[in-house]
Amino acid sequence: MFWQRQFPLVVCFVLGVSFIIQFFVKHPVIQSDVINEAANFATIIGIFALVLGLYSITRMHWMKIRHRRKDWFFSYVLFASLLLMTLLGWILGVGNDTPFQWMYMAVMVPLSSTMFSLLAFYMASASFRAFRAKSFESTLLLLAAIVVMLGRVDIGPYMFPDTSIGNMPIWGVDEITNWLLEIPNTAASRGIGLGIALGTLATSLKMILGIERSYLG
Amino acid sequence: MSVLQKLLTINPRYVYLVVAVAVIFPMVWDLRLPTVTSPPVEMLYKEIESLPPQSRIILSMDYDPSTVPELHPMSAALLRQCFAKGIRVFGMTLNIQGQSLGVEIMDRIAKEFNIPNDGSQYVFVGFRPGPVIIQIGEDIIETFQTDFQKRDLRSLPMMVGVKNLDQFELCISLSGTSVGYSWIATPGTRYRKKIAVGVTGILVSNFYPYLQSGQLVGMLGGLKGAAEYENLIQHEDKAKQGMGSQSAAHILIILLIIAGNIIYFVQRRQAESK
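As given, the protein sequences belong to chains A and B, one line each in that order. FYI, the numbering for the first sequence is 306 to 522, going by the numbering used here. FYI, the numbering for the second sequence is 71 to 344, going by the numbering used here.
Pulled out of the complex, with its shape left as it was, chain B reads as follows (with noise of 0.2 Å):
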């Protein structure tokens, strides 16, 4: 066996343990570059700071633990945003898995903004299964009744003269999954509501035929979305610290192809000239 040959019946935990010391090292360094702040990123920054104080947003964290990595940065960058502003935050969640993340994530960055847990900023309502979103364009208040510490949604502050999406300036919902087509279905076009959409990295190709067409008024696509947003809100957090491991990943799978590649055209021409 040549040693071309061997090179590409290497056992996969070498390359595994490549991989694991490209993702340790510079998480351990921690290496930082700047970031370059792609359109989409921009585009719901721009949107929200647009809000005046006091509007309301929807902010549905769609998403599971095993894609916290990406999309739970995303929910906190927004929800800095939106507490510094003195927007209104409305959470919820269509995962059943997303449930105790939302109610993490919302107390968390609200404590550090010393806002009170009294529905006055931000109210959160827990797991309700996908067709609410079609029942929230009618009655919001009807749909979902309590919070998720069963306290009256008519009793909080924030929600009072709340009817349905009218009231809501923005709907935003953060997945690993195509439930944003839901939300740029009934939402964004049956009732017009302003969409956006914060996704995995493997999913971001799929959602830019509504960036281009409207549908959507911005995008967050993976940890590097992720880390954009904590740029231009100027609080860098779990994303920037997650980018420098990503940048090493993904210099070294382009590595592995070229030396891949190198290998085969080699090994083809040796089988040519045979």
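One chain only, chain A, in its complex shape (with noise of 0.2 Å):
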């Protein structure tokens, strides 16, 4: 029971005020002795935790295949690209101009670049069925998104640019793409951002303190 309950407890509580005393104490032995030993800690779990990564996809796909559940065959499409990156960086390097390097620039970087490109043909499909004037909120909205849409690409200021009648200035879209970036947008985001904070600041506290304990199990 000790185990279980009481000792997770005090490393949370221990590691949790280490870290937060680092920003109000600045005693040498704070400062580096403890907080270096705490991110060695921190750097040995990150690690350990692409280990159990490996063992997670391993076991899913090899359960896939085992129970011949939908597109099985395309496990062992995962499995021997897994092999073979993996032997082609322990035997021949990691480096330019070695076969894994080519391997990464030449498959992996286009294959992940097209699945997150798929997003623009999403956007698109949903923009046409989904983004509707309905409200004044949502007016505003769609207003606004045109304008930023208009002024992050090339063609915006050079369809819409800074203009004058007379000596009144008047913006053009990407003025108006700016102000609407430096001012509503930031002010919004602050306050999102700061309704964030305090929530993790009092969940955190909460945990640090034993309040919190649902990450128990």
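Careful, some of the hints might be misleading.
[Said to hold, decoys possible] Stretch by stretch, here's where chain A covers chain B in the computed footprint (C-beta under 8 Å, at least three residues):
| no. | stretch |
| --- | --- |
| 1 | 86-94 |
| 2 | 99-112 |
| 3 | 119-129 |
| 4 | 195-202 |
| 5 | 226-240 |
| 6 | 274-280 |
| 7 | 322-334 |
[Said to hold, decoys possible] For lysine-lysine, the following PhoX-like pairs were computed, each having C-alpha atoms within a straight-line distance of at most 25 Å:
| no. | chain 1 | residue 1 | chain 2 | residue 2 |
| --- | --- | --- | --- | --- |
| 8 | A | Lys439 | B | Lys264 |
| 9 | B | Lys264 | A | Lys331 |
| 10 | B | Lys344 | A | Lys439 |
I should point out that these hints are in silico values taken from the structure, not numbers from a laboratory. Just so you know, even glycine gets a beta-carbon here, dropped at the ideal spot from N, CA and C.
Mind docking these for me? Both chains are given alone in their own frames, and the hints should help you get the complex.
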């Protein structure tokens, strides 16, 4: 019971407090020794997370092959790729001008970029079907989105440049985009950020003090 | 089913086809328009321009292959400016998938300037998990110990006299995630270092409050930010090439939004009149 309940609470309290006091205590022991040790722990945990991820993906795809689930054949592709890249990196190295680097730049990069670019296709379809000016607020959002979309590409300022009527300057789409991002967007982002920060602070304090224990399972 | 209803329930594949044509056509045609520089990009450019030769900066390429089209041109443009000015670059990444990307771009741009990979002008230390940004504030040599090629950092000319972040003028993080906040919080706030970020287009709005508060000295946002930077250093490359496609895609999406809303309002009016 001690190892399952009290011990994790003590670890959480000690590490949580040590990370907080680094911002307030400038003593070298705190600034270098304690924080470096804590950061070392975090680094080691980060590396173990990679190992855990490898175990998890291997197990998931092995089960998929075993039970002949949908698209099980692609799990073999995953294992073959995993094995090939590991062997290439292990035996021939991972720097520039190695087969590993060639495979990474010629296969992995285009595949990942392509997957990410699919977003544009879904967004185009969704913009046609779902983005509607149903209320005053949604109309405002819609207009702001259109202006920012124009202002974030070269063709926007080309179509709607800064101009003037007599001595009165008229902002082009580029200036309006900058204003939207710097003023209303900054205000909203700051409000959201403060809300998130306060929520994180409250939850962290509850975890450090042992009030919030749901992470113990 | 009315014509309008049919249009709204059109097979999405037709929309995808139109998007594909809109993206591919400017690429093949090499459609280029003048680029207007935004204030956050100009701020970063001026910040680096103001550094004397032999200054050191940290360039953390915290991105993975999925965001390469937006962020790799930023790395290239920043490295070109630094190498042209004789600024020494300490390359690193907090993303394990960024390791191969980092070593590729640093070596490639260095070759353009005939800079040998001897650790005098640049060094790339590869991947380390996130907590290292706490440790580099205290002892950067002890934190990394060796570079990507397993050379002792102490033996590299540009690392002579380096202990911690005090010997670096600027830290730049390029990422498609929220890792930029960690750079602002630790090297920026705790160690008072100047921080700049390069982020994907979708994250741009999140970082504006930090520009206004002075916690960021500059920001490159999305492909447009990279294209603006290429324009400033007068070396047009991948970002500028991609802006034609991005322009066409944005115009198409705006037209689709307008078309969708026209259909919606006509349908609503028809329903009300019945």
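Do the hints match the structure? See the list:
With 5 residues having a beta carbon nearer than 8 Å to a beta carbon of chain A, the stretch 86-94 of chain B meets the requirement of three or more and the stated coverage holds. Note: the stretch 99-112 of chain B has 7 residues with beta-carbon separation from chain A under 8 Å; the three-residue rule is met and the coverage holds. Counting residues of the stretch 119-129 of chain B whose CB falls under 8 Å from any CB of chain A gives 0; the rule of at least 3 is not met. Residue count for the stretch 195-202 of chain B with a Cβ under 8 Å from a Cβ of chain A: 5. That meets the three needed, and the coverage hint holds.
Beta-carbon proximity to chain A at under 8 Å applies to 0 residues in the stretch 226-240 of chain B; the threshold of 3 is not reached and the given coverage is violated. Figure legend: the stretch 274-280 of chain B, annotated as covered by chain A; annotation consistent (5 residues with Cβ-Cβ distances under 8 Å, at least 3 required). Check result for the stretch 322-334 of chain B against chain A: holds, 9 residues qualifying (beta carbon to beta carbon below 8 Å, three or more required). With a C-alpha separation of about 44 Å, the suggested pairing of lysine 439 of chain A with lysine 264 of chain B is violated against the 25 Å cut-off.
For the suggested pair lysine 264 of chain B and lysine 331 of chain A, the alpha carbons sit about 21 Å apart, so the restraint of at most 25 Å is met. As the CA atoms of lysine 344 of chain B and lysine 439 of chain A are separated by approximately 20 Å, the hinted pair is consistent with the 25 Å bound.
Consistency note: the structure conflicts with the earlier hints numbered 3, 5, 8.
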